[in-house]
Amino acid sequence: DGGITQSPKYLFRKEGQNVTLSCEQNLNHDAMYWYRQDPGQGLRLIYYSQIVNDFQKGDIAEGYSVSREKKESFPLTVTSAQKNPTAFYLCASSLYTSGGITGELFFGEGSRLTVL
Amino acid sequence: QQQVKQSPQSLIVQKGGISIINCAYENTAFDYFPWYQQFPGKGPALLIAIRPDVSEKKEGRFTISFNKSAKQFSLHIMDSQPGDSATYFCAASISGGYQKVTFGIGTKLQVIP
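Keeping their order, the protein sequence lines are chains F and A.
First residue of the first sequence: 136, per my numbering; consecutive thereafter.
First residue of the second sequence: 692, per my numbering; consecutive thereafter.
Here chain A stands alone, though its shape is the one from the complex:
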């Protein structure tokens, strides 16, 4: 049972364009939604995260949009650059005790010049 569904699995975007990755979750108890960025041969690293009490969070060119009623959240990368080419994972977890993080299947982004 996939608790966090992520799409698309792969994405090709022109340099300067907007990259959009979508995720949906089922468990309404989730209250922390991070995005991780992974370069080939490396471990993932936290990129940006949001809690459900806000609808949007922006850090530089990266923005998370969150729709609590639809149980969906998305990552937008503005002015995409070749250096953004990586695999992106959305995730969800529950605060209040030790809980494991549930990841989406990942999106491989390629930004072409």
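Next up, chain F with everything else stripped away, as it sits in the complex:
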């Protein structure tokens, strides 16, 4: 079955440590995204990537980094520079159409990061 796989589902980290969240998709989608979800704040875009080896900052990119070496993969690193990293992180992907991205996002099941 096609879909988006995020791992790990739960992750605990000590302050000062970097952590990398994995996101893999087999939908053959061009674009991939990372969102952060906090209660009462909705979904906020961290980074997005349109094609391999290219990515753009979203609204809250500070303290995060990404790479897009393969079409299927878009890992997110939460660095020690992120002031408040405890959150639910969601990876998503979408198709590119001739009229541009339609806005239909396919999400993974998320990774919950807790900083101790």
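Calculated from the structure, these hints are not laboratory results.
Every clue listed holds true.
Listed below are several chain A residues computed to face chain F (Cβ distance under 7 Å; list not exhaustive):
{"hint": "1", "residue": "Lys733"}
{"hint": "2", "residue": "Gly734"}
{"hint": "3", "residue": "Pro735"}
{"hint": "4", "residue": "Leu737"}
{"hint": "5", "residue": "Lys791"}
{"hint": "6", "residue": "Phe794"}
{"hint": "7", "residue": "Gly795"}
{"hint": "8", "residue": "Ile796"}
{"hint": "9", "residue": "Gly797"}
What follows is a set of in silico ranges between Cβ atoms, one per label pair, in the way DEER data are often shown:
{"hint": "10", "chain 1": "F", "residue 1": "Leu230", "chain 2": "A", "residue 2": "Pro731", "range": "26 to 32 Å"}
{"hint": "11", "chain 1": "F", "residue 1": "Asn153", "chain 2": "A", "residue 2": "Pro743", "range": "42 to 48 Å"}
{"hint": "12", "chain 1": "A", "residue 1": "Ile803", "chain 2": "F", "residue 2": "Leu230", "range": "34 to 40 Å"}
{"hint": "13", "chain 1": "A", "residue 1": "Gln700", "chain 2": "F", "residue 2": "Ser157", "range": "27 to 33 Å"}
{"hint": "14", "chain 1": "F", "residue 1": "Ala196", "chain 2": "A", "residue 2": "Lys759", "range": "28 to 34 Å"}
{"hint": "15", "chain 1": "A", "residue 1": "Gln694", "chain 2": "F", "residue 2": "Thr140", "range": "29 to 35 Å"}
{"hint": "16", "chain 1": "A", "residue 1": "His767", "chain 2": "F", "residue 2": "Phe223", "range": "26 to 32 Å"}
Virtual Cβ for every residue (Gly too), placed ideally from N, Cα, C.
Once you have looked at the hints, place chain A on chain F.
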């Protein structure tokens, strides 16, 4: 700056009742308005979407009403069921090139028996 404003943040509805969630947007360039449904511990999934050339779209018990002049749209869930209990996000995006989707803050719906 919140480009898509969603209300209420939480909603409790009796089983069989109508759930109504409202959203307003500012950017008139938005031309695609999806609603996402999220169950606890899961990622959101597309529920229903509308483009501004129609005023209403219905899929089963779910209806989107769209008012272009007021820059508002809403989700109506008819005959609400306990299984509808979830968080609902409205969103907006622009076609024609790679654009990011802007989400509302979400509405946590609880349908009580």
